[in-house]
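The lines below spell out each chain.
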Amino acid sequence: MIRPLGAIAAFGFIAVMSALPLFDSAYLITHSTRILIYAIMAMSLDLLVGYCGLVSLGHAAFFGLSAYTAAMLSARAGISNVLIGLPLSLLSAAAGALIIGVLTLRTDGIYFIMATLAFAQMLFFLANDSDFFGGSDGLLLLNHFRASIGNVVLFDLSEPTTRYYVVLAAAFATCIGLALMVRSPFGRVLQGIKSNTQRMRALGYPVERYKLACFVIGGTLSGLAGYLYLVLTSLADPSILNWTQSAEVLMMVLLGGMGTLIGPAAGAFVLIELVDQSSALTEHWKLIVGVVVILATLFARGGLAGLVGTLRARRLEAKPA
Amino acid sequence: MQLSTVFIQLLNGVQYGMLLFLIASGLTLTFGVMGIINLAHGAFFMIGAYLAFQFTRYWGWPLPAAYAAAVLAVVLLGAGVERTVLAPLADRDHLDQVLVTFGLILVFDELVVIAWGKDVQPAAIPASLSGSVHLGSQFVYPLYRLVLAGIGLLCALGLYLLVAKTRLGMIVRAGSYDRTMVRALGINVTPIFSLVFGLGAALAAFAGVLAAPILSVSPGMGDKIIIIAFVVVVIGGIGSIKGAFVGALLVGLFDSFGKILFPSVSSLIIYALMAAVLIWRPHGLFGTA
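For the record, the sequence lines run as chains A and B.
In terms of my numbering, the first sequence opens at residue 1 and continues consecutively.
In terms of my numbering, the second sequence opens at residue 1 and continues consecutively.
Don't read these hints as lab results, they were simulated from the structure.
Just to be clear, a hint being listed does not mean it is correct.
[Claimed, not checked] Listed next, with one range per pair, are the computed distances between beta-carbon atoms:
#, chain 1, residue 1, chain 2, residue 2, range
1, A, 277, B, 116, 46 to 54 Å
2, A, 172, B, 117, 55 to 63 Å
3, A, 8, B, 116, 24 to 32 Å
4, A, 24, B, 115, 41 to 49 Å
5, A, 30, B, 140, 51 to 59 Å
6, B, 92, A, 239, 23 to 31 Å
7, A, 204, B, 116, 22 to 30 Å
8, B, 160, A, 79, 51 to 59 Å
9, A, 314, B, 162, 48 to 56 Å
10, A, 172, B, 162, 43 to 51 Å
Beta carbons: idealized from backbone N, C-alpha and C, even for Gly.
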């Protein structure tokens, strides 16, 4: 079913996002790029949490693995070509997710939450304590990330507008790809596992393999966000691996409404704006963010997407039959 | 490694382990009895440390009064948090609990910054407990740390007797095994939840009071230790006091010997320990599936 209002909103949104560089504001472009990167990460976590019931508190691990791989390639081997760096970074995130997934998916419930947290903290301390990975200062790079074949430069990611469009394209591709995936038979099985693992097992599905596949796909997409983040900031420091980063992305998913993909992407926008606006207002911004997080979790169940759903239901009710 | 080094690290490990046990026992009880993950449990530890520092250093209260007041204040705070924010979460899933208590961390950390600022506060070891103990000819150990380890062990013993030998303890154990069944047997669990939560907050605050002179009293001191306390709880098995005790000792000893044997990667040793335990026993050493 195509909802006319939804289709108009989607086209309007795409048009506005594509036209943003016309405003010619460097801040707006960089800021939007950052939001889109976190939208990718939030959507990737939504695949785990919202569709498969895997509450991971270590999603920053794959974001950081990918960013650090790209940073090490650039800083230690001088490789800044996106066509080499991006695949290798995604591969490192996928490999990390595979290893951590195999180990953590043996557990469930709170043990899974804490196990994912523990592995992410291991990587955090590895990056934080070892000079090889830049220590607590991290690795600061010259930004010359570009995609080139031989001497031909296809696109140059040190240029803000190009970078914005590349990130925008990546965000749309992630959203559409995930939306198709959750509607596919594979996605249906994941949702079945979320609602009743025992039943899916009894039906003969290899539940563990589906969970692992879901974990690796989500981790790889988190790695995509991590790579783009490195390209944006030219800095890989341990804070991107810290557990608070994982908790914040979880917050984006919940604020937006888990299991909706679009919702968590909107949640990324809301949380980043909330942090930016309240930190401009007062140095004690954490107080504001903390209170909003508590109230939103306690009272706004279903997040933004739930709110939209309620409004839509009211509109349909108001229509005469 | 010299024998005296081994002995000192052993004592350090036990002392750190007992500190962790005071925090982890509250966490494991809260989860076992109420089914709530409280990431903000570290805030009780932090606020206990700050209040004890405030009472002794600025207001000049005598030690026992200052310590008791700090613990009592945190218990009242904990009761308020439990009634208003945590109780409604008992029937929600873990995700909501993680996020609400993450929000609480942000709030409490910032309140501490507003009250005391961002700087590290210079809490000092009480004069009566400063100095060192000579054990043998070449072996010296700070008295305060020895006292701390002793108090921790006493608390562990008291808690064990409470949980293993009393009627309240029986309900607590039953509750961590099957909460619904305890309710069905006609036991009013609400006041017991509050009692257990208050006890957990008191132990964490007490740990903060004791740790103030040897750890840096700073905003975020709770966040650092709470993650490690969770590692302890997961290693021991959630809901098990015995597990928290064994887990705390293991983590304390791995940490103190890790710092000597593998200084470059010492921080990740305890996480590796937890990973190894989870691979071997997915529900912790003493946990039930």
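Hint check against the structure, violated hint numbers in rising order: When the structure is compared with the hints, numbers 1, 2, 3, 7, 10 turn out to be violated.
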